[in-house]
Amino acid sequence: MKHKDIKILIVDDEVAFANTLAQRLQIRGIKVGIAYDGEQALSKLKKEELDVVVLDLKMPGMDGMEVLQEIKRVYPNIQVIMLTGHGTDKDEEQAKKLGGFDFLNKPVDIDTLEQKIKAAFKEKIERNIAAQ
Amino acid sequence: MENKNEDLRFMQLRFIGKILAGFTHEIKNHLAIVKESAGLMGDMIQIGKTAENDSSQYLEIIRSIEEQIEKAIVHFKYLNRFSHRMDTPLSSFNINDCLEELTALLHRFANQKRISLEKDFNKDLPSINSSPAILHFLVFNFLEDKMSKLDKNSRIIVKTDLINGSVAIRIIPEGNVLEAETAKTPCIHEINDYVINMLSGTISTQGEETVITLPIAAT
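So the sequences go chain by chain: D and E. Here the first sequence stands for residues 1 to 132, numbered as in our numbering. Here the second sequence stands for residues 133 to 351, numbered as in our numbering.
Quick caveat, the hints were computed from the structure, so don't treat them as lab data. It is possible that part of the hints are untrue.
Said to hold, decoys possible - Straight-line distance between alpha carbons at most 20 angstroms, and here's what the computed SDA-like set of lysine to any residue pairs gives: (1) D/Lys90 with E/Leu152; (2) E/Lys167 with D/Ile110; (3) D/Lys90 with E/Lys150; (4) E/Lys281 with D/His86; (5) E/Lys284 with D/Lys97; (6) E/Lys209 with E/Lys245; (7) E/Lys284 with D/Asp109; (8) E/Lys203 with D/His86; (9) E/Lys284 with E/Ile303; (10) E/Lys160 with D/Asp13; (11) E/Lys284 with D/Asp63; (12) E/Lys160 with D/Leu42; (13) E/Lys160 with D/Lys72; (14) E/Lys160 with D/Asp109; (15) E/Lys160 with D/Asn19; (16) E/Lys284 with D/Lys90; (17) E/Lys167 with D/Ile34; (18) E/Lys245 with D/Lys97; (19) E/Lys281 with D/Asp63; (20) E/Lys284 with D/Met65; (21) E/Lys245 with E/Glu340; (22) E/Lys251 with E/Tyr190; (23) E/Lys181 with D/Gln23; (24) D/Lys72 with D/Asp109; (25) E/Lys245 with D/Tyr36; (26) E/Lys203 with D/Asn19.
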């Protein structure tokens with residue numbers, strides 16, 4: 001599996017954070033799109049096939065849980081990693097119940113995030129194979 | 133009376149918890165950006181983008197770090213002022229300053245609901261002699277209630293003025309009011325009445341607007 005095969009979407013209302021994280025992951029060979037709120041994320045998912053979504057929890061308008069629920073309803077194979085500055089154990093539990101792949105806290109170690117993205121991508125591929 | 137005091141203590145702790153949660157969220161976000169920005173500079177060095185050849189990109193990242201630190205300092209300033217309001221039960225203070233720090237600390241909660249929290253302060257208000265910590269709590273109760281009932285893309289204006297020789301805080305929601313939610317804290321109206329009596333003030337409502345009046349400090 002090559003990094004360049006992985007297409008992800010970062011969803012975060014903190015513009016500077018989303019942009020900087022995207023640049024760091026692009027340097028690591030991952031193709032990255034950005035959405036600054038939940039509605040924008042769902043609209044991008046309609047237009048483009050993506051593997052993994054890195055999703056903030058607290059955002060204006062639709063919050064991360066609502067976006068997660070909608071992604072898993074419409075695109076069950078897309079893997080979602082929650083990345084939040086405000087997460088509680090209860091949030092983590094709820095995200096996992098809704099089908100979230102993992103739950104990380106900000107600030108995150110970039111190598112850890114990269115590994116989680118790779119693992120999430122692998123999970124997506126396996127699910128696609130199993131579904132065929 | 134004992135039950136009311138217990139309810140009040142619980143509600144005040146809940147309020148402080150909310151303020152701290154919002155503050156830590158804000159600071160974590162700024163730190164996350166600083167960390168990623170520093171990391172990005174490290175990545176750039178590793179891939180051979182030197183400061184000599186790519187100075188504009190480095191300068192842009194450095195400016196972003198400075199901006200995040202400045203923003204974090206402003207939040208620390210507001211939290212510090214908010215915390216010191218609890219130092220003494222009574223003090224002489226300017227109501228605009230008190231509301232300034234509260235609205236700043238609640239900005240994120242409002243933003244999450246896409247509600248704009250706006251200020252319209254009368255700059256010529258005299259100081260009042262009262263309890264700023266209790267006042268923070270009271271105003272928070274009304275702001276939280278109005279935020280829970282307003283649809284997104286609404287706004288709440290916090291206005292201060294002099295009305296009939298008293299200092300007045302007007303909390304004016306503007307936008308679609310959603311169907312009344314079940315109150316999360318059923319005793320909140322009783323608590324607010326109890327608190328306003330402690331402050332020797334009044335609470336009145338005009339439609340969706342709430343007006344809190346407080347006596348001016350004796351000179």
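Worksheet item: Hey, E/Lys284 versus D/Lys90, does the alpha-carbon distance stay inside 20 angstroms?
Response: Judged against 20 angstroms, a Cα distance of about 25 angstroms means the pair is violated.
Worksheet item: Quick one, are D/Lys90 and E/Leu152 close enough, alpha carbons at most 20 angstroms?
Response: holds, 18 angstroms
Worksheet item: When you check the alpha-carbon spacing of E/Lys181 and D/Gln23, does it fall within 20 angstroms?
Response: Distance of about 13 angstroms is within 20 angstroms: holds.
Item to complete: Verify the proposed pairing of E/Lys245 with D/Lys97, using a straight-line Cα cut of 20 angstroms.
Response: violated, 24 angstroms
Item to complete: For the pair we were handed, E/Lys167 and D/Ile34, check the Cα-Cα distance against 20 angstroms.
Response: holds, 19 angstroms
Worksheet entry | Proposed proximity, D/Asp13 with E/Lys160 (alpha carbon, max 20 angstroms) | Roughly 14 angstroms separates the two Cα atoms, so the pair holds.
Worksheet item: Holds or violated: are the alpha carbons of E/Lys284 and E/Ile303 at most 20 angstroms from each other?
Response: holds, 17 angstroms
Worksheet entry | Hinted pair E/Lys209 and E/Lys245, Cα distance within 20 angstroms | Outside the cut-off at roughly 25 angstroms; violated.
Discussion item. Next pair to validate is E/Lys203 with D/His86; report whether the Cα-Cα distance is within 20 angstroms.
Written reply: holds, 18 angstroms
Discussion item. Between the alpha carbons of E/Lys245 and E/Glu340, is the straight-line distance 20 angstroms or under?
Written reply: Distance of about 18 angstroms is within 20 angstroms: holds.
Item to complete: Could you grab the alpha-carbon distance between E/Lys251 and E/Tyr190 and see if it respects the 20 angstroms cut-off?
Response: violated, 37 angstroms
Worksheet item: Holds or violated: are the alpha carbons of E/Lys203 and D/Asn19 at most 20 angstroms from each other?
Response: holds, 18 angstroms
Checked against the numbered hints given earlier, this structure breaks hints 4, 5, 6, 7, 12, 13, 16, 18, 22, 24; the rest are met.
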